[in-house]
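**Student:** Chain residues, written in single-letter form:
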Amino acid sequence: MARTLRYILFISVGLSMLVGLFFRPEHPHFWWERVPASDAIFGFLGCILLVVGSKVLGHYWLQRDEDYYSD
Amino acid sequence: MINPIPPAFVFIIGAILIPIVRERRLRQLFQLLIPAIAFADLLYMGHGTYWSYHFLGYELIFGRVDKLSLCFGYVFVIIAFLGMFYALHVRDVGQHVAAFLYIGSALGITFAGDLFTLFAFWEIMAIASVFLIWFQRDTAALDAGFRYIMVHIFGGCVLLAGIIIHVVNTGSTHFGLIEYGGLASQLILLGFIINAAVPPLHAWLADAYPEATVTGAVFLSAFTTKSAVYVLLRAFPGVELLMWLGAIMAVYGVVYAIMENDIRRLLSYHIISQVGYMVCGVGIGTEMGLNGSVAHAFCHILYKALLFMGTGAVIHVTGRRKVTELQGRNLYKMMPICLSLYLIAGFSISGVPLFNGFVSKTMVVAAAGGIHSVPIHLLLHLASIGTFFSTTLKLPYGTWFGKAPEGEKIEEIEAKEPPSNMLIAMGLTAFLCIFIGCYPRVLYDILPYSVHYHPYASYHVAATMQLLLFTAAVFWLFIDKLGGHATISLDTDWFYRKPGMLLLWFCSHPLQRLRFGLQHLLSRMVANVAGLSKNPILLPEIAIRYIHLRIISRLYHISGLSEDKLEELRELESRYDAIRKITYDKDVYRRPIGFGVLLAVVLLFLYGLIYFIRSR
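Taken in sequence, the protein lines are chains F and U. Per the working numbering: the first sequence = residues 1 to 71. Per the working numbering: the second sequence = residues 1001 to 1616.
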């Protein structure tokens, strides 16, 4: 199960990279849309930023015990 | 063309009739029949204005029908049917009544052609929806419901103030494009964005929705925020403020969702995030932006309902609602169908190609590209990443799979697939999500403006897949660190919950003391007065004797007491006591007055009689 899932993921990563390499937008709105795999990079970095950012925010400031409001 | 009834009233009359149908099977049929009738009603309506009535010099319009209102009308009725199907097993009739009133008021808002009708349905919606929370019947739901209704009543007051100023200024109650600028439009906008859950006025949503009943949350996820998006589309397209607020709220919701442990609260933060796309589309204001906003509202209602149905099924079956209580229990073995249907909704909200979120969300993102706004574009992309991360990867992993923290004792959960009506409703909703994803034309054809947008360009599909796959890669890397934590996150509701508790403390301690002190003082005064008032007629004489006694005794005390002076004082005191003991016979005074009144009435009667006889 996990192995097939992994294969599917690897194949779709490869496929999306290939398609992204050969088909470029005709009228790009932003400069990075001309860079191949820019969305992959954005996805990777953006996700790390979001996860680390919200973990830090939660840990140092926002997260409280579940009975915070009930005492 | 004859239109029998506005769609809002189909549901409101349905709500009144539900309790009358006692037979359970018949009632279930009736619950499904009402949305079907409403849908037929919608199909029967052509564009135009119907059902306008004059009331106190103003015109009330219950049916302003055009492409925009019809589009929202369709999806509201569709989700009413699916949500009712999901809720068929519920035996609590009150819940169905509240749901129908809620749906009816949302449709009323959608087809309202004037501001007063809009306001009336706005208030009905707030009141009907709070019962979907209260029917959960626990303390947390009761408290959250009260906070919810107070925020909405505040929002309603702001809206009403704005409407009154607007009507006085312009002299028109017509609900259409409102020029942004000036107090009236700002107040109306504020009223609208409270219901759209725009931060920092969003906390009611994440506070209350997770406390609602399993079936109630499905309805709640669909109507309040989306009818707010509808009124924003109608009144404030192209207001730049909304573009920024929308993009920020899209990321705001996502960040809070990542921190969240309660599965339905996590999804509630994603409502805020997704409504952010719609609000942003309204603010962009181009045809593409507005179309994107409508399309996304349409798709969002479907997949968000399905997400709430899936998590609701888990809560219905296990009674647990937190990742920390569910992870490591291997629920995927016990409820695989539920998991698969949930994942379809997850793929839809994340905008995976072939699912409906892809064909609508990308319209808003493309509209942001169309106006060449870099920050908006990046914020919306970031929100997409976070959406996929928490709704499609983290939540299902934690709920159905997951590993419990080491050392924690895992008690087995008895779980099975939810009742068949829940599964069928989820299946139908999932079908619609995929159907619209594969044939976006059915959606694009009913949008307010003509669509020249092709979501399935090869580049576009590849770029979306890259974005999502690399998000999944990050999830894979951090998977061991992403277990839930049993915490809550502070949000802007802190600003009314904590001071609210301070206010309660102030009331129950210092204010309570003051009350007791005053009560004691006043009741003593009252007791004294009551003692005196036993004989009001003698009151002046008692007062005179008392003062006389006091003065004499004071003087005698100063000048020195002798035997005869004491005797005189005792004499005075006994006379004073004697007069206080005389009881008051009220009839002594009442009889002469009563007799006088009787005499007057008799004479008046005689006079009237004579006058009457004489005048003939």
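Because the hints were derived from the structure by calculation, they are not lab data. Source: prediction; values computed, not measured. Among the hints, a few may not be true.
[As the list claims (entries may be wrong)] Here are some of the chain F residues that sit facing chain U, going by a computed Cβ distance under 8 angstroms: (1) VAL19; (2) PHE23; (3) GLY46; (4) VAL56; (5) LEU57.
The C-beta atom is built at its ideal place from N, Cα and C for all residues, glycine as well.
**Student:** Each hint needs a verdict: does it hold in this structure or not?
**Tutor:** Going through the hints against the structure:
1. Hint status for F/VAL19 relative to chain U: holds, with the closest Cβ pair at about 4 angstroms, below 8 angstroms.
2. The interface hint given for F/PHE23 is met, as the beta carbon of that residue sits about 4 angstroms from the closest beta carbon of chain U, less than 8 angstroms.
3. For the restraint placing F/GLY46 at the interface with chain U, the shortest Cβ-Cβ distance is roughly 5 angstroms, inside the 8 angstroms limit, so the hint holds.
4. Of the supplied interface hints, the one on F/VAL56 is violated, with its beta-carbon coming no nearer than about 10 angstroms to a beta-carbon of chain U, more than 8 angstroms.
5. Here the hint on F/LEU57 is kept, as its CB sits about 7 angstroms from the closest CB of chain U, short of 8 angstroms.
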